[in-house]
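A.B. asks: One-letter residues, chain by chain:
Number of protein chains: 2
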Amino acid sequence: MHTIGLDIGGTTIKGGLVDRNGRVLRSAARPTDASDIGKLVGTLENLVGHLSRNDPVGAVGVGVPGLRSSDTGETVVSPNVACLAGVNVEAVLGDRVAPPVVSRNDADMSAWGELCAGAGIGTRYMVCLTLGTGVGSGIILGGRLYNGSRGYASEAGHLVVDPEGLPCSCGSRGCLEAVASATGIVALARAWLGPGEREAVPEPWTAAGLYEAARAGHKASRTVFEQAGRYLGIACASLINVLNPEAIVLAGGVMEAGDLILAPAVREARLRAFDASFGACRIVRAKLGTDAGVVGAALFAAHVAG
Amino acid sequence: MHTIGLDIGGTTIKGGLVDRNGRVLRSAARPTDASDIGKLVGTLENLVGHLSRNDPVGAVGVGVPGLRSSDTGETVVSPNVACLAGVNVEAVLGDRVAPPVVSRNDADMSAWGELCAGAGIGTRYMVCLTLGTGVGSGIILGGRLYNGSRGYASEAGHLVVDPEGLPCSCGSRGCLEAVASATGIVALARAWLGPGEREAVPEPWTAAGLYEAARAGHKASRTVFEQAGRYLGIACASLINVLNPEAIVLAGGVMEAGDLILAPAVREARLRAFDASFGACRIVRAKLGTDAGVVGAALFAAHVAG
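Protein sequences, first through last, are from chains A and B.
Letter by letter, the first sequence follows residues 28 to 333 in the numbering used here.
Letter by letter, the second sequence follows residues 28 to 333 in the numbering used here.
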């Protein structure tokens with residue numbers, strides 16, 4: 028039976044009816060009401076009805092941004108969708124729709140999607156880093172989503188890659204997110220580009236704009252992506268040395284920069300990780316694009332519901 | 028039934044007959060012959076005979092330094108005991124002694140000891156860092172030793188904590204081991220202590236000598252331990268954010284410096300890790316001292332042999 032995946036983002040809730048192979052059969056999107064949990068849950072319920080069209084659906088999976096307690100199922104804190112704090116999405120939505128509902132962290136769901144239907148197929152030990160506005164991550168160990176003792180694990184976006192580096196939204200500094208997310212790349216550029224180098228980048232600066240400038244031959248913008256790539260490679264080396272995964276899958280809008288960021292990342296990881304461990308791990312781009320969260324949530328729901 | 032634990036170190040092989048509670052009933056030590064695998068295995072066999080005194084023994088556990096392949100059971104590389112490369116210790120020793128033999132990485136065995144009979148009792152998610160000449164680590168997830176896809180995991184001594192930091196024996200730079208092992212602390216001091224600050228530390232410099240100087244009021248030596256502690260805290264924060272453990276247990280000779288290194292480590296980890304994850308994790312000193320490897324190997328053998 029098909030399942031539904033829902034992916035709650037900071038501005039948009041995406042949903043899809045997905046088959047067992049991870050193919051999206053129908054999809055829909057609604058704006059996120061980040062301040063009103065009643066409306067937000069209503070939107071989720073509405074999406075389930077819309078996507079199922081009253082056909083039987085095996086289960087619903089929801090990717091929820093923020094830290095989720097595995098003890099209570101509640102979201103402890105969700106910086107971008109504040110109304111989720113203290114809410115157990117699977118319980119609240121489960122009361123409103125017929126199929127069983129399961130929820131996990133949104134980055135975990137994306138990782139599950141890449142594992143089952145994307146760049147991680149065939150692996151059982153995999154890390155997926157999603158480099159977007161922030162850096163989310165999901166970790167698969169022994170074929171299972173790893174959540175840690177309380178559910179707070181797999182925040183690899185907050186591996187420290189430069190102890191005196193740029194400040195991070197989490198309160199630390201030099202986290203991977205602070206220097207290799209889309210926001211981090213812009214911050215790196217603001218810190219690095221000299222007076223004569225700034226004109227080539229159109230305001231307001233974005234990671235995409237910097238990428239276009241780099242592609243057009245702007246050396247300073249290129250250096251920013253190389254440095255972000257080096258930081259990404261440092262994080263990969265640490266993950267390889269600690270977790271010995273078979274694959275690190277790199278997703279998110281930042282990876283649209285392709286080899287400009289991927290090549291220095293792989294080079295740096297090779298320099299720093301143990302040879303045996305590096306050799307056992309491929310570092311590759313994700314395959315599911317912006318569907319990863321929806322596909323992963325649907326396939327995870329199918330997995331849990333049996 | 029009692030079990031035997033053997034711990035192969037760079038200079039000494041330690042062994043013990045251990046009861047189910049982790050109490051060492053008999054112990055013995057022999058020099059390590061790092062260049063002759065035949066002699067080394069002979070020493071292991073001799074220790075098993077000596078410790079068992081022909082009484083029945085349930086199983087033998089061996090802590091082996093270096094990377095161990097979980098596919099073949101062979102040690103892939105062992106910088107300090109070179110003759111172990113390519114050797115499957117549990118197979119070779121298993122042919123020579125009556126009880127079943129199991130081997131794992133030495134730092135994994137120490138972690139298992141602390142889990143079952145030391146500072147990690149009661150936890151199921153734990154990281155043990157052993158700060159000695161190098162920095163070994165063992166990771167317990169869900170009550171089980173975590174070894175990764177090929178057995179190379181849990182090299183947390185090679186988390187990068189300072190990308191432009193001191194060179195590490197592994198070929199990278201700024202690894203935890205390069206700045207917070209006994210060797211790393213001496214290297215930090217050589218890089219940091221000014222001309223007028225060097226006389227207070229007796230040659231040849233050791234971490235223990237620097238600690239004595241710090242205790243006697245030598246400010247520059249104190250600063251070295253504080254900086255090493257900060258690096259240790261950065262590694263702890265990364266481990267907390269990625270793994271969400273219940274405890275990080277700090278072992279090894281370096282931790283004899285007590286609060287001089289522990290206090291800045293805890294402070295730095297609190298500053299950098301997510302509050303919810305930090306709050307779920309205690310950072311504590313190990314309890315088993317230099318027996319951890321022997322006790323852990325014996326208890327792990329008991330665990331595997333059932």
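Since the hints were derived computationally from the structure, they do not count as laboratory data.
Mixed in with the good hints there might be a few duds.
Derived contacts from chain B toward chain A, CB cut-off under 8 Å, selection only [claimed, not checked]:
hint: 1; residue: Arg47
hint: 2; residue: Leu94
hint: 3; residue: Thr99
hint: 4; residue: Val103
hint: 5; residue: His185
hint: 6; residue: Leu186
hint: 7; residue: Ser196
hint: 8; residue: Cys197
hint: 9; residue: Trp232
hint: 10; residue: Thr233
hint: 11; residue: Ile261
hint: 12; residue: Glu273
hint: 13; residue: Ser304
hint: 14; residue: Ala307
hint: 15; residue: Val311
If you want the footprint, here are the derived chain B segments under chain A, 3+ residues with CB under 8 Å [stated by the list, open to error]:
hint: 16; region: 188–194
hint: 17; region: 205–213
hint: 18; region: 293–302
This one's a predicted model, so the numbers in the text were calculated from it and none came from an experiment.
Beta carbons: idealized from backbone N, C-alpha and C, even for Gly.
A.B. asks: Now tell me, hint by hint, if it's right for this structure.
C.D. replies: Hints, verified against the model:
no., hint, in the structure
1, Arg47, "violated (26 Å)"
2, Leu94, "holds (6 Å)"
3, Thr99, "violated (12 Å)"
4, Val103, "holds (5 Å)"
5, His185, "holds (4 Å)"
6, Leu186, "holds (5 Å)"
7, Ser196, "violated (11 Å)"
8, Cys197, "holds (7 Å)"
9, Trp232, "violated (24 Å)"
10, Thr233, "violated (26 Å)"
11, Ile261, "holds (5 Å)"
12, Glu273, "holds (5 Å)"
13, Ser304, "holds (4 Å)"
14, Ala307, "holds (5 Å)"
15, Val311, "violated (15 Å)"
16, 188–194, "holds (count 3)"
17, 205–213, "violated (count 0)"
18, 293–302, "holds (count 4)"
Going down the numbered hints, you'll see the structure goes against 1, 3, 7, 9, 10, 15 and 17, while the others check out.
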